[in-house]
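Number of protein chains: 2
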Amino acid sequence: MAFSSLLSRLRSCSKPFCNNLRTSIIQRPHNPSSLIEPVICSRNGKTPLWFASLIPLAFAVSAGSLSLNDAPLSDPKSVKIGGKGSTDYAVKGSRREVPPELIEELKGICQENMTTDEDERYVHGKPQNSFHKAVNIPDVVVYPRSGEEVSKIVKSCNLHKVPVVPYGGATSIEGHTLSPNGGVCIDMTLMNRVKALHVEDMDVVVEPGIGWMELNEYLEPYGLFFPLDPGPGATIGGMCATRCSGSLAVRYGTMRDNVINLKVVLADGEVMKTASRARKSAAGYDLTRLMIGSEGTLGVITGITLRLQKLPQSSVVSRVELLDEVQIRAINLANDKKLPEIPTLMFEFVGTEAYAREQTQIVQKIASEHNGTDFVFAEEPEEKKELWKIRKEALWACFAMKPNFEAMITDVCVPLSHLAELISRSKQELDASPLTCTVIAHAGDGNFHTVVLFDPTKEEQRREAERLNHFMVHLALSMEGTCTGEHGVGTGKMKYLEKELGIENLRTMKKIKDALDPNNIMNPGKLIPPHVCF
Amino acid sequence: MAFSSLLSRLRSCSKPFCNNLRTSIIQRPHNPSSLIEPVICSRNGKTPLWFASLIPLAFAVSAGSLSLNDAPLSDPKSVKIGGKGSTDYAVKGSRREVPPELIEELKGICQENMTTDEDERYVHGKPQNSFHKAVNIPDVVVYPRSGEEVSKIVKSCNLHKVPVVPYGGATSIEGHTLSPNGGVCIDMTLMNRVKALHVEDMDVVVEPGIGWMELNEYLEPYGLFFPLDPGPGATIGGMCATRCSGSLAVRYGTMRDNVINLKVVLADGEVMKTASRARKSAAGYDLTRLMIGSEGTLGVITGITLRLQKLPQSSVVSRVELLDEVQIRAINLANDKKLPEIPTLMFEFVGTEAYAREQTQIVQKIASEHNGTDFVFAEEPEEKKELWKIRKEALWACFAMKPNFEAMITDVCVPLSHLAELISRSKQELDASPLTCTVIAHAGDGNFHTVVLFDPTKEEQRREAERLNHFMVHLALSMEGTCTGEHGVGTGKMKYLEKELGIENLRTMKKIKDALDPNNIMNPGKLIPPHVCF
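If you're matching them up, the sequences are chains A and B in order. Heads up: the first sequence at position 357 corresponds to 357 in the numbering used here, and the numbers run straight through without jumps. Heads up: the second sequence at position 526 corresponds to 526 in the numbering used here, and the numbers run straight through without jumps.
A couple of the hints might just be wrong.
In this list, chains with the same sequence are indistinguishable; a pair is considered to hold if it fits within one copy or across any two.
Below, simulated DSSO-like cross-link-like pairs (lysine-lysine); rule was C-alpha separation at most 30 angstroms, straight line [unchecked claim]:
hint, residue 1, residue 2
1, 511, 499
2, 161, 273
3, 195, 499
4, 107, 365
5, 499, 155
6, 499, 152
7, 161, 458
8, 510, 161
9, 511, 155
10, 458, 107
11, 273, 499
12, 155, 510
13, 107, 427
14, 337, 402
15, 152, 195
16, 273, 310
17, 510, 273
18, 338, 152
19, 338, 392
Hints were generated in silico from the structure; no laboratory data involved.
Start from the sequences, fold in the hints, and give me the full structure.
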């Protein structure tokens, strides 16, 4: 593994936990196995309390071939790769010059909280946890401390027509934080405060740089939590920008459903509030939802009011996770475990205790009827923690299995009725590939991930990984599905949008983008394919 | 009551149930009391099965002063009325000429399904169930039968720069269907088909003209339902356009949360699909949500894929409805009942039977602790049906109490912690008013309605109703609330948007509107206040 890649991963793990870690991490020796522990550690080194208190009753049931072979097969869509379909075709772009006057203006706004140091710029320009190549790095990295500073920064950039790339936990994997045209990277790390907690209203007002795990540590004493759980290290601002979800979305919805309002610095530097703090409203265009998932292309999110949930006593299904035998093997290797290496479903039930037990019995019965075997119940807090810790570390377990490899993480989502066929046909293709591939699905949502491991020094392996990614995306699209269930578009999925959404959808997006960002300074080169015009 | 008003109401009741009713209703004699029955009858004259099967366990608890007087009082915001604040200031506009060539083109598209008959135009131009004045009526009414026809109609209108006003069940009350500039009214009545039902995916693809009650009749044999319940007669297309919710939103979310994708005819007549059929997606701007609540100002919705729910066995709170003593009196009068005339909370619990009982006991205990009295449990299907029928007919009960009056129905929503104070202070103001006013709140959401009855022949009564409406809106805005929880903006709430959302929000809406509808043909004069510019 290249040092820069190690650096990226360490940063993305440690970033939201402690800003001061930056230097010490950069100085850490190259040792991939040391990557596993920090991911699940909180800032103070203790195991996060939140995990223990969230999960009152969970069990895993090894599902044999459950539902994998139930659906009929048909011919897969033809898969084209290369050319327009190459994963990084759209990140190319001519570098725009950053004038010295802008640097001076930014110094005036940010004082010491900015840098033109090449190492810092390199770290911010390289995609984290991602297989996308960077063709440029930002010219400047700024660390604003307030929405007012962000407003001033963007206003200056707009006047100079210099690109702005918002930067959160950098855990996204589709190239969202790339700076193909250089410009100013706005790192939101320092804006990580809780501004107001309304316990009675079950909402909280936060700055964008706070991590979801930090937020949940803060909320735990109040008996509340924020129910989305993407990769460790993700920040609330980035989660809004990418319309993230995670394993709990089947119970609590995605970022779309859990944000009450946003404060956004628009392309001209003006500050917009998207909505009031009321739980529901019919007052005007839903600009909150327009901004959620816009990946920094319409503005910089500087404040978020989130809906919260009560920590459950123990009722409905909140997660249904599927791991295939290869993923289990990776977990066994990384954790010195002896879990049966067969496709496994993990369920969690939350609510009252009696209800969760009733649901558990129902699911056990259904699983038995479908030849599920080896039920494992985890009722004790430690057992539950262990189980979900293993699930959370799945990606890192993969890296531990192939220490010098990179991962292409795929992300498609289909209507539930098509999920079994999608998985079944994908598994055939993955098993036939020379690459090592694992399956992790948020089965309750129809959201299906695979981790395709490849040696970055071997071009044919990268191409094979791309081919598998293409295959699954086109298969999902043929099933009325989407090319991205939760990871977003970035640079990696732009090429699929026209097939999925049609040209009128893309033209509409482009019209909105042009109307709100006429100088195309906001995260240029992302989300809207470059060929779209009207 | 003026004949035109009677006509409007009858049409809004009967429209989605049977197109053929149109003539017979117009010929019906003027008899206001006859209005009450049709509202709760389905097309075939049977009581809707859905009501009976939805509600497995419900009870009402008369709550005394429960939560009404708990919050501290402070000075109300100053309330300005008249001038810019007048309810119909923005519907004025110069009439645009509809050229004979356009009429010919429309005839070519719609054949017999169009009319320039003055009665039909008048009916479509008059706001239904609403206190807003119409200053114009449409020049033509068309009844397209397909998305293709809508596309052609809009394309023609755009070329001639003639306004387009989409028209659904016309049950909205903020002037959404007014035609202040004349133009072409597109009545979606004939597009009321279920296009595809995916039972396994729990979704359904429908045309916009289908009513939610009709849809639920269709779904009931499959054990499914669509969980939003606005006023009887509302259509799915109109519910999307106004981002509607209703009493079940506290459990199932609003229209925002229950639509998977839309087909939309844009202002240039092109057809856009907003998203795939996957349950979740991170693919691009959330154009589905942008369209939901845009009130016909960005396009005409021609197809909708809705999330469905399983009809519950009997778990969580699904409704919490508050009715004040005046509303109970109206209900008693209209239904020959003897319910205690005190503020009353109605709860419904859905899920498994054991869980619903557990929840019932918890709520009974809490109500007792807050001096709630007179618990009434309704477990039998007939009892439950009766209870929710009464709630559903609340508005009509008000009209029965004052047969020749009109109603100003208010609609504010605040964070839950402010609801008690909002209601308490509003009640003081309402009780001090010479007008008869009733309270109906979706208490679980913080959404608070009042029905203010006034004699339309007396200008001072209309002004007093407006004053009360203003008072409550400004009070809600001072509590971080919204001027409309679910009824939408239309013409009636435009004047409050800047105070609620700020000018940058309105400018952003205007930029989007201008980008997507450069000729301003889509439902002009609605939602975006006319003074907004950039």
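For each hint, the structure was consulted:
1. 511 to 499: both (19 angstroms within a copy, 27 angstroms between copies)
2. 161 to 273: Within one copy only: 24 angstroms inside a chain, 33 angstroms across chains, cut-off 30 angstroms.
3. 195 to 499: between (42 angstroms within a copy, 22 angstroms between copies)
4. 107 to 365: Neither, since 64 angstroms and 61 angstroms both go past 30 angstroms.
5. 499 to 155: between (36 angstroms within a copy, 24 angstroms between copies)
6. 499 to 152: between (39 angstroms within a copy, 24 angstroms between copies)
7. 161 to 458: neither (39 angstroms within a copy, 59 angstroms between copies)
8. 510 to 161: both (18 angstroms within a copy, 23 angstroms between copies)
9. 511 to 155: both (22 angstroms within a copy, 18 angstroms between copies)
10. 458 to 107: neither (43 angstroms within a copy, 65 angstroms between copies)
11. 273 to 499: Only across copies: residue 273 and residue 499 sit 11 angstroms apart there, 34 angstroms inside one copy, limit 30 angstroms.
12. 155 to 510: both (22 angstroms within a copy, 20 angstroms between copies)
13. 107 to 427: neither (53 angstroms within a copy, 55 angstroms between copies)
14. 337 to 402: within (17 angstroms within a copy, 75 angstroms between copies)
15. 152 to 195: within (21 angstroms within a copy, 51 angstroms between copies)
16. 273 to 310: Only inside one copy: residue 273 and residue 310 sit 27 angstroms apart there, 36 angstroms across copies, limit 30 angstroms.
17. 510 to 273: Close inside one copy (22 angstroms) and across copies (15 angstroms); limit 30 angstroms.
18. 338 to 152: So residue 338 and residue 152 fail the 30 angstroms test inside a copy (56 angstroms) and across (64 angstroms) alike.
19. 338 to 392: within (18 angstroms within a copy, 59 angstroms between copies)
In this structure, the hints that do not hold are numbers 4, 7, 10, 13 and 18, in rising order.
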